[in-house]
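Asker: So you can see what is in the structure, the chains are spelled out below.
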Amino acid sequence: MSAPLAEATTVEGAGEVMAPKLFVSVSPHFKSTVTVSEIMWTVVACLLPPLILSVFIFGFQTLIIALVSVLSCVGTEYLSNRALKRPTDTIKDGSAVITGLLLAYVIPPGVPYWLPILGGVVAIFITKALMGGIGFNVFNPALIGRAFLVATYPVAMTSAWLLPIRDASVFKYMGAGVDAVSTATPLYVLKHYGIAAVIERFGALSVIYKDFFVGWRPGCIGETSAFLLVLGGVFLIYKRYITWHIPVSVIVSVAFFTWVFGGERFFAGNPLLAVLSGGVILGAFFMATDYVTCPIQKSGQLVFGVGIGALTVLIRLKGGYPEGVCYAILLMNAVTPAIDGWFRPKRFAPQSEEGAKK
Amino acid sequence: MSAETLATFPMGGIHPREGKELTEKLAVEVMPAPSEVRLFLKQHVGAPCQALVKKKAKVTEGELVASVERGLRADLHASVTGTVKGVQNALHPMVGNASALVISADPDTQPRSYSPVDWTQFSKEELLARIKAAGVVGMGGAGFPAWAKLTIRPGVKLDTLILNGAECEPCLTSDHRLMVEHAKEVVEGAKIILKILGIRYCAIGIENNKPDAIETLNKVISEDGSKNSYNIVVKPLKVQYPQGSADQLMQAVTGRARPAGVRSSAIGIIVQNVYTTKAIYDAVALGKPLYERIVTISGRGIKRPANLMVRVGTSVGDIVDYLGGTTPDLAKVVMGGPMMGFAVSTLDIPVSKTTSGVLFLTREEIDTQSHDPCIRCGFCVSVCPMGLEPNNVSIYVEAGRGADTEQFGVDDCFLCGSCAYVCPAKRPLVQFMSIAKQNIREAKKS
Numbered sequence: 012m013s014a015p016l017a018e019a020t021t022v023e024g025a026g027e028v029m030a031p032k033l034f035v036s037v038s039p040h041f042k043s044t045v046t047v048s049e050i051m052w053t054v055v056a057c058l059l060p061p062l063i064l065s066v067f068i069f070g071f072q073t074l075i076i077a078l079v080s081v082l083s084c085v086g087t088e089y090l091s092n093r094a095l096k097r098p099t100d101t102i103k104d105g106s107a108v109i110t111g112l113l114l115a116y117v118i119p120p121g122v123p124y125w126l127p128i129l130g131g132v133v134a135i136f137i138t139k140a141l142m143g144g145i146g147f148n149v150f151n152p153a154l155i156g157r158a159f160l161v162a163t164y165p166v167a168m169t170s171a172w173l174l175p176i177r178d179a180s181v182f183k184y185m186g187a188g189v190d191a192v193s194t195a196t197p198l199y200v201l202k203h204y205g206i207a208a209v210i211e212r213f214g215a216l217s218v219i220y221k222d223f224f225v226g227w228r229p230g231c232i233g234e235t236s237a238f239l240l241v242l243g244g245v246f247l248i249y250k251r252y253i254t255w256h257i258p259v260s261v262i263v264s265v266a267f268f269t270w271v272f273g274g275e276r277f278f279a280g281n282p283l284l285a286v287l288s289g290g291v292i293l294g295a296f297f298m299a300t301d302y303v304t305c306p307i308q309k310s311g312q313l314v315f316g317v318g319i320g321a322l323t324v325l326i327r328l329k330g331g332y333p334e335g336v337c338y339a340i341l342l343m344n345a346v347t348p349a350i351d352g353w354f355r356p357k358r359f360a361p362q363s364e365e366g367a368k369k
Numbered sequence: 327m328s329a330e331t332l333a334t335f336p337m338g339g340i341h342p343r344e345g346k347e348l349t350e351k352l353a354v355e356v357m358p359a360p361s362e363v364r365l366f367l368k369q370h371v372g373a374p375c376q377a378l379v380k381k382k383a384k385v386t387e388g389e390l391v392a393s394v395e396r397g398l399r400a401d402l403h404a405s406v407t408g409t410v411k412g413v414q415n416a417l418h419p420m421v422g423n424a425s426a427l428v429i430s431a432d433p434d435t436q437p438r439s440y441s442p443v444d445w446t447q448f449s450k451e452e453l454l455a456r457i458k459a460a461g462v463v464g465m466g467g468a469g470f471p472a473w474a475k476l477t478i479r480p481g482v483k484l485d486t487l488i489l490n491g492a493e494c495e496p497c498l499t500s501d502h503r504l505m506v507e508h509a510k511e512v513v514e515g516a517k518i519i520l521k522i523l524g525i526r527y528c529a530i531g532i533e534n535n536k537p538d539a540i541e542t543l544n545k546v547i548s549e550d551g552s553k554n555s556y557n558i559v560v561k562p563l564k565v566q567y568p569q570g571s572a573d574q575l576m577q578a579v580t581g582r583a584r585p586a587g588v589r590s591s592a593i594g595i596i597v598q599n600v601y602t603t604k605a606i607y608d609a610v611a612l613g614k615p616l617y618e619r620i621v622t623i624s625g626r627g628i629k630r631p632a633n634l635m636v637r638v639g640t641s642v643g644d645i646v647d648y649l650g651g652t653t654p655d656l657a658k659v660v661m662g663g664p665m666m667g668f669a670v671s672t673l674d675i676p677v678s679k680t681t682s683g684v685l686f687l688t689r690e691e692i693d694t695q696s697h698d699p700c701i702r703c704g705f706c707v708s709v710c711p712m713g714l715e716p717n718n719v720s721i722y723v724e725a726g727r728g729a730d731t732e733q734f735g736v737d738d739c740f741l742c743g744s745c746a747y748v749c750p751a752k753r754p755l756v757q758f759m760s761i762a763k764q765n766i767r768e769a770k771k772s
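If you're matching them up, the sequences are chains A and B in order.
Counting the first sequence from 1 gives a position; the working numbering is that position plus 11.
Counting the second sequence from 1 gives a position; the working numbering is that position plus 326.
Bound-form chain B, shown alone:
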């Protein structure tokens, strides 16, 4: 398919350096269980879990170790077999400090194995219960509990499931490798979700820089025996950041724009990340909770880049040790992708269910310039996928008038960073946007 005819979103967007060449061809490698894991009690949107196990309790891999009784929640399972050391504070890439359940692993335990059952025997309710019991959350980064997303309020009419395989963040290849190596599970997971939602149509949106993933999925779909019940198609998309943002993806795939302030289900669509879809398959068919995931370890600052299958709670430091250490010119460590990920100040940070990558960037790969006044070039306005005016927001914030920026649509901003990427004055526009959001919230409260 030629680049001209590829679907994409209609406004804004950028083409950052892809940086995927370091890991896109590397098969997923299983990292042995570390000696200790730290499980954040809140790895999801909703109420934090509470530990269900006492200090010194013996737990086995996959065992439920933390939960909360009511509300939006996602259960937590032991990612190793071992002994509970208790709840301690651990550094968190986004919130600073957070409570984590610490388990020290018994050496020489074999990884638990699971065997699939025929999931078609389960009813909708049973499917949802199995997903809920496995603690599946949105693995693209949002961490929204999957069972809640798939529990559709009565009266909502859906027609399309979109699987998000765009992986538009530079450097990340975990979803890519997942689609290549676990295409069958992704398609089965899609069928499970379709059954829950009671619809037939599923489109898998994938940026065109992953031809092997597109080919593999197409092959699996064409060989699938249930073509009559489900209509699953692969939609190759133009390589354009932020193609994997839900709004941009929905518009690229269906042409429908989600109005601000309503859920995607209001326009008939549910979006799930491909990895979440695979986790849903694991939960339903294998009864396997979500406690390990593929994490892309990349950048020129790590000795050996890899797509690693790691236990949730593994420390970044343990990953570095496993991969032979960092290079001397390492300058920045980012949890997530280079566009929206979080820079961390230490390697002593555990990975969570939503960590898609850890990047080790060298001085040459990062920007360390100080910023200058806005010269009104308008680059930020032309690349904003939401049609906002980051230039004006930044000037208002600098003048101490962040609360007056609602007129520029600050609420629509999802911090994709396209504006800050193109800014020739190197202004930290994402930070200005965040400050503006905060100022508006504070002004509304008072």
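Pulled out of the complex, with its shape left as it was, chain A reads as follows:
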């Protein structure tokens, strides 16, 4: 990118001592030390605990899937930038690593190892590089990658679920045929057989809440541990890299709309189960908050979050899929430019008639 700084050249006069070479640039001369890569690598760090836990829940192959996914994304970033004649050092900023991790996190743990390669290429090359690179993509790359895989490999993407391992044998599913071990996600059971079947299969509600909170449930690789995801998300809020507006509005609206519409009658749905199942927590803290694809104003972010919550519940209850977070976020990504147009910052005192309170 263009360098804002030029090293001023000082001419050495005859017999004079050479003056020091000085940098000149436009103000400000102090800048905060926070950089894009620092933010991105912090997000990567916040995403790692759920991955580590997933090894103990679903087995060692989750790590392989994540690694393949990250390598695919970073490799695609490098090759796309070379092909498009852009700087290739963007692979160091960490953003492609985040996309790779998030893509793996929304893939079932029993898929073939080559599957994320395809997803990574679509996520980075089509969704990001062709749009103009970092900062210019309209949609969340990882979620487009997932949507592509759901459309092209629907069987693997909707049935390669695994039962959590209870005996710490992390190599249990390595090389095992998926058919032999596959199970159903809580949302699938809930959608097709009702809450009674969920309790029958996963235990009493109190057990479900505890297991789901920690992460011991069937689901995508990185979405199951509400606890670790919230921990990472709260750290990002503490660092002021994100604010509470999107995560809270997504989670509260999923809970609210499920409570109102998700039961056998109005106001009889189970909001806690809805929030702890599927990808709500992962989506709320790590996907909907993607800077590039979410609105900038806090008020706009609340609308964006409620939109995601409402669409998620609508797809879950009425749609063909048991889970709707992915499509809800993608749909709201499409609305983001409009939301940014509707919600503009409050100006200091623009008009000459107003403002003077006296």
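There could be a bad hint or two in this list.
What the hints assert, rightly or not - Capping the alpha-carbon separation at 27 Å, the derived lysine-lysine pairs in DSSO-like fashion look like this: (1) A:309 / B:770; (2) A:103 / B:458; (3) A:357 / B:629; (4) B:770 / A:357; (5) A:32 / B:517; (6) A:250 / B:351; (7) B:521 / A:357; (8) B:545 / B:517; (9) B:564 / A:309; (10) A:32 / B:521; (11) B:458 / B:517; (12) B:629 / A:32; (13) B:521 / B:545.
Calculated from the structure, these hints are not laboratory results.
Place chain B on chain A using the hints.
Answerer: Frame of chain A, contents of chain B only:
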């Protein structure tokens, strides 16, 4: 007073590293007159002065040496006793090259001394005339002639004078030391301005990181005998950049927001920098023109940081020599503060009436990264004290559409640099804003 209850402006703002610890406790030190001074003929807003003295003419310290007959102006006075060398070009931190009157100083002349007179004898008109004759300009950086600012058009109703002692720029301590060491003159200056404006109320806004200045001023005010005629108060403010910007300061102190496009007097307020106020006292009570000022010399790139009383026109190089030189890792020299000051490429630059500091920054203290595309994090929008969208302006400018950015309120931008400070992609947003302003001006002309 606890931090929660301190007054501040309502939106945006940042908390940069303060960097004042290097000089805030250092008493002002008088630098002896240099061997030569170069006085820019335009150190103020308005028409440039013309030299009134010929080459080889003898001038004495404080003597009127340049002026202009009409319009907005500020007279110029010799800052040393010596011989005029003529008008030459000198490097200027903001405009590149500018005409300056060069005077070589006679060695061994004693600084001129002044003794105060009772200013209360003067009428409003006499007060204004004395300020005008002393060439006083806004010393916070704007350089607006003080006499013009205090000449209020008939029909304008004022109720508040605000003295700007915020000094929100990191590293600068010249106003701070002035308030500690010249609190009496600042309060007297405030009374002079109040008399000119015909109002009673004056609030001195000071960021809370200068407790000694707040305490000293409070003491002077409480011991002042004219409490019945004037109501002068000190308002401690939250430490938050840009607290010292006029709009932000007025809102913090009075709660009133100045609408874009009108003068502060439209909402009943006049803002003066504390240093300008002291210069007004000097002009009125001592009859002393403005030809020397305190300049904060700071940063890790100078051997000995100081608050120096220097003659206007002294070269930065002479200051460096006086303070023992620069350190080997010096990387950048800034005239003014680190947020809004101007980087210069050489030390061969004279200080002017509006130079509040010269900073010598090392490689570690400055940012030399190249910039990346906007990732839409929105940090710049959340810190903008004017509620603007620097992110969008920068993208429009990069796309060659700077003229279409008026919708984002580019006109309101006063280049405080908060946006560029927080930008994680290190985008030079102040530069983009300036380009947008220029594009809009050009589009309107054609």
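Asker: Hints first: check each against the structure and report whether it holds.
Answerer: Against the structure, the hints:
Only pairs whose Cα atoms come within 27 Å are accepted, and residue 309 (chain A) paired with residue 770 (chain B) is rejected, the gap being roughly 34 Å. About 60 Å separates the Cα atoms of residue 103 (chain A) and residue 458 (chain B), which puts this hinted pair outside 27 Å; it is violated. Of the pairs offered as hints, the one joining residue 357 (chain A) and residue 629 (chain B) is violated, with about 46 Å between alpha carbons and a cut-off of 27 Å exceeded. Our distance criterion of 27 Å between C-alpha atoms is met by residue 770 (chain B) and residue 357 (chain A), whose separation comes to about 26 Å.
In summary, the hint linking residue 32 (chain A) to residue 517 (chain B) is not supported, as the alpha carbons are separated by about 47 Å, beyond the 27 Å threshold. For the proposed pair residue 250 (chain A) and residue 351 (chain B), the alpha carbon gap of about 33 Å is over 27 Å, so the pair is violated. For the proposed pair residue 521 (chain B) and residue 357 (chain A), the alpha carbon gap of about 38 Å is over 27 Å, so the pair is violated. For the proposed pair residue 545 (chain B) and residue 517 (chain B), the alpha carbon gap of about 16 Å is at most 27 Å, so the pair holds.
With a CA separation close to 24 Å, the supplied pair residue 564 (chain B) and residue 309 (chain A) stays within the 27 Å bound. The straight-line distance between the Cα atoms of residue 32 (chain A) and residue 521 (chain B) is roughly 50 Å, outside the 27 Å bound, and the hint therefore fails. The straight-line distance between the Cα atoms of residue 458 (chain B) and residue 517 (chain B) is roughly 17 Å, inside the 27 Å bound, and the hint therefore holds. A C-alpha spacing of about 17 Å is found between residue 629 (chain B) and residue 32 (chain A), which places the hinted pair at or below 27 Å, so the restraint holds.
A threshold of 27 Å between alpha carbons decides the hint, and for residue 521 (chain B) with residue 545 (chain B) the separation of about 22 Å falls inside it, so the pair holds.
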